[in-house]
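*Asks:* Here's the letter readout for the chains.
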Amino acid sequence: MPSYKLTYFNGRGRAEISRLIFAAAGQKYEDIRIEREQWPALKPKTPLGQMPVLEVDGVELPQSAAIARFLAKQFHLAGKDNLEQAEVDAVIDTISDINTAWPASSSDEALKKKFLTEDLAKHLQNLETLGKLYGKGGHFFVGNQLTWADLRFYTFGQTCIEAAPDCLNNFSWLEQNRAEVEKQPKIAEYLKNRPKTSF
Amino acid sequence: MSTYKLYYFNTRGRAEIARLIFIAADQKFEDIRYEHSEWSSHKNEMPLEQMPVLEVDGVKLPQSGAIARFLAKQFHLAGKDNFEQAKVDAVVDTIADAMTQFLPIRFENDETKQIEMVKNFFANELPKHLQNLEVLAKQFGNGGLFFIGNNLTWADLLFYEVTETLLGLNKNALDNHQWLKQNRAEVEKQPRIAEYLKNRPKSQF
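Those protein sequences? They're chains A and B, same order as listed. Going by the UniProt record's numbering, the first sequence opens with residue 1, and the numbers climb by one from there. Going by the UniProt record's numbering, the second sequence opens with residue 1, and the numbers climb by one from there.
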């Protein structure tokens, strides 16, 4: 049995997808949360001066997506064969594209407003398109089963809704997908008990 | 035997990594290249109205990263077990982080501004990413010339491909990075890759 240690800030951010995968799999792990003041001392000890970092039997792995995909594959939440895993990856990458396009908090208000009122909908439409293309008519993004694509959209959806509460109003498939994730027993339990954080 | 069709523009861009994987694996594929004028008539055939798209046995897959990883796994160029594949993915993500910073430069229309952005990128942004890549190679490379585990993986092919573009803009970009230069040389001399590089169309991006 490998031992897992996940290190990140005390927030959801780029680590929550991995925490959700551990939760869905019912897998124990050390959930290390670093306060901001502790970070400068820890930073040079991490492989790339960044978090999250996953330690598996003492070997350190950086990069949140690589970590999440590894864990998803370990726990059979990545797609049942190579092609399904690619469909899952395509959904993940499409969510990533939205993050890349999302204006930084330092951007001017007009740019942020345009993104939330115009651009975001186009990106969400892309996600619904993939869900309908790969989801085999069900509620999950790929192949009628929960994968980390659904868990990733779940955390991403929370960020969207916090920024723009009505962002999913025209996307009933995406809303249902989140509802489906929320009612998985192990996920429901995790969501009830996880620390409430601002990010 | 699966059939593979790769759709992209007539350039390296976001499809070349997939082409390099096919070549390294000696796998036939249909290399469909649309000129920009043709693209608008094919746009709505693609899931996200973007390219590249890989069609595998009739199923269309968008997203260049997902496509490349799928092909690498099909042809045993992705890492030999789950943890090795994760190390490969970590290197790929680190390369992608550098290129995310490069992309706005690529599409800047103001030439004067672009020249400044290029200078700034090479002087102030790229070095830390190259440093990070060398750190990962040391941790994962088993002392050899490939990024992970002493075997060619798509991480090496991707590094080769993006640095092709960067070196085209600044031939000194890797001067302080001996290991990275040697890694590129090792990729270049793989026989099927060498043959492909000799014959492929030249493009700036």
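Hints in this document: simulated from the structure, not taken from any laboratory. Note that the structure is a prediction, hence the values are computed from the model and not measured. Beta carbons: idealized from backbone N, C-alpha and C, even for Gly. Be aware that a few hints might be false.
Taking lysine-lysine pairs in the DSS-like style, the calculated list, with each CA pair at most 30 Å apart, reads [what the hints assert, rightly or not]:
no.: 1; chain 1: A; residue 1: K28; chain 2: B; residue 2: K28
no.: 2; chain 1: A; residue 1: K136; chain 2: B; residue 2: K113
no.: 3; chain 1: B; residue 1: K113; chain 2: A; residue 2: K73
no.: 4; chain 1: A; residue 1: K196; chain 2: A; residue 2: K28
no.: 5; chain 1: A; residue 1: K113; chain 2: A; residue 2: K136
no.: 6; chain 1: B; residue 1: K189; chain 2: A; residue 2: K73
no.: 7; chain 1: A; residue 1: K113; chain 2: B; residue 2: K113
no.: 8; chain 1: A; residue 1: K45; chain 2: B; residue 2: K138
no.: 9; chain 1: B; residue 1: K73; chain 2: B; residue 2: K113
no.: 10; chain 1: A; residue 1: K5; chain 2: B; residue 2: K138
no.: 11; chain 1: B; residue 1: K113; chain 2: A; residue 2: K80
no.: 12; chain 1: A; residue 1: K45; chain 2: B; residue 2: K128
no.: 13; chain 1: A; residue 1: K132; chain 2: B; residue 2: K60
no.: 14; chain 1: B; residue 1: K60; chain 2: A; residue 2: K186
no.: 15; chain 1: A; residue 1: K73; chain 2: B; residue 2: K138
no.: 16; chain 1: B; residue 1: K80; chain 2: B; residue 2: K189
no.: 17; chain 1: B; residue 1: K5; chain 2: A; residue 2: K28
no.: 18; chain 1: B; residue 1: K5; chain 2: A; residue 2: K122
no.: 19; chain 1: B; residue 1: K28; chain 2: A; residue 2: K112
no.: 20; chain 1: B; residue 1: K28; chain 2: A; residue 2: K73
no.: 21; chain 1: B; residue 1: K43; chain 2: A; residue 2: K122
no.: 22; chain 1: A; residue 1: K132; chain 2: B; residue 2: K5
no.: 23; chain 1: B; residue 1: K43; chain 2: A; residue 2: K114
no.: 24; chain 1: A; residue 1: K112; chain 2: B; residue 2: K113
no.: 25; chain 1: A; residue 1: K43; chain 2: A; residue 2: K80
no.: 26; chain 1: B; residue 1: K138; chain 2: A; residue 2: K43
no.: 27; chain 1: B; residue 1: K80; chain 2: A; residue 2: K80
no.: 28; chain 1: A; residue 1: K186; chain 2: A; residue 2: K28
Listed below are several chain B residues computed to face chain A (Cβ distance under 7 Å; list not exhaustive) [stated by the list, open to error]:
no.: 29; residue: L48
no.: 30; residue: G65
no.: 31; residue: A66
no.: 32; residue: A90
no.: 33; residue: N132
no.: 34; residue: G144
*Asks:* A separate judgement is required for each hint: does it hold in the structure or not?
*Replies:* Results of checking the hints against the structure:
no.	hint	in the structure
1	A:K28 / B:K28	44 Å, violated
2	A:K136 / B:K113	48 Å, violated
3	B:K113 / A:K73	44 Å, violated
4	A:K196 / A:K28	20 Å, holds
5	A:K113 / A:K136	35 Å, violated
6	B:K189 / A:K73	33 Å, violated
7	A:K113 / B:K113	26 Å, holds
8	A:K45 / B:K138	15 Å, holds
9	B:K73 / B:K113	41 Å, violated
10	A:K5 / B:K138	22 Å, holds
11	B:K113 / A:K80	48 Å, violated
12	A:K45 / B:K128	16 Å, holds
13	A:K132 / B:K60	13 Å, holds
14	B:K60 / A:K186	33 Å, violated
15	A:K73 / B:K138	25 Å, holds
16	B:K80 / B:K189	22 Å, holds
17	B:K5 / A:K28	42 Å, violated
18	B:K5 / A:K122	27 Å, holds
19	B:K28 / A:K112	45 Å, violated
20	B:K28 / A:K73	28 Å, holds
21	B:K43 / A:K122	15 Å, holds
22	A:K132 / B:K5	22 Å, holds
23	B:K43 / A:K114	25 Å, holds
24	A:K112 / B:K113	24 Å, holds
25	A:K43 / A:K80	37 Å, violated
26	B:K138 / A:K43	18 Å, holds
27	B:K80 / A:K80	18 Å, holds
28	A:K186 / A:K28	13 Å, holds
29	L48	5 Å, holds
30	G65	5 Å, holds
31	A66	4 Å, holds
32	A90	4 Å, holds
33	N132	5 Å, holds
34	G144	17 Å, violated
The structure fails to meet hints 1, 2, 3, 5, 6, 9, 11, 14, 17, 19, 25, 34 from the earlier list, while all remaining hints are met.
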